[in-house]
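Chemist: Sequence:
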Amino acid sequence: MQKAYKNVCCRCGKERIVKRVWKERIGNSVVENTETVCPDKECQKIVDRDLKKQKNKRLQMEKRKEESLRKRKKKPNTLPLKRKYRYN
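The numbering of the sequence shown is UniProt numbering, which starts it at 1 and goes up by one.
Don't take each hint at face value.
As the list claims (entries may be wrong) - Here are the computed lysine to any residue pairs in the SDA-like style, where the Cα-Cα straight-line distance is at most 25 angstroms:
1) LYS52 <-> TRP22
2) LYS23 <-> GLU35
3) LYS45 <-> CYS12
4) LYS41 <-> CYS10
5) LYS6 <-> GLY27
6) LYS73 <-> GLU62
7) LYS53 <-> VAL37
8) LYS57 <-> VAL37
9) LYS14 <-> GLU35
10) LYS52 <-> ARG20
11) LYS55 <-> LYS74
12) LYS14 <-> GLY27
13) LYS23 <-> VAL37
14) LYS45 <-> ILE17
15) LYS55 <-> TRP22
16) LYS41 <-> ARG16
17) LYS52 <-> ARG11
Claimed, not checked - Quick list of simulated restraints, FRET-style, between CB atoms:
18) LYS73 <-> GLU32: 38 to 46 angstroms
19) ALA4 <-> LYS71: 28 to 36 angstroms
20) VAL18 <-> ARG49: 20 to 28 angstroms
Since the hints were made in silico from the structure, they are not lab data.
Small disclaimer: the values here were computed from a predicted structure and weren't measured.
We put the CB at the ideal spot given by N, CA and C, even for glycine.
From just these sequences and the hints, can you work out the full model?
Modeler: Quick look at the structure:
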């Protein structure tokens, strides 16, 4: 049987292998998940490290955004005072 697609490593280009497959229920649906890894263990460690860095960066950005929204909501809605101009 032929594979429908090839899943290659984003770093070294080797074809990734299936580590585990599991099913989970989300609401009324059953979702089948597949975890794949690079056959080169050192390469996989580097990929995992890079993915962890990206995840941490994304979480920090989300946290900053939430803080910014909270600060924005706390500020009273003040409009600048109208200035009266005198024209001669």
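Chemist: Can you name, in rising order, the numbers of the hints this structure does not satisfy?
Modeler: Of the numbered hints given earlier, those the structure breaks are 5, 11, 12, 19, listed in rising order.
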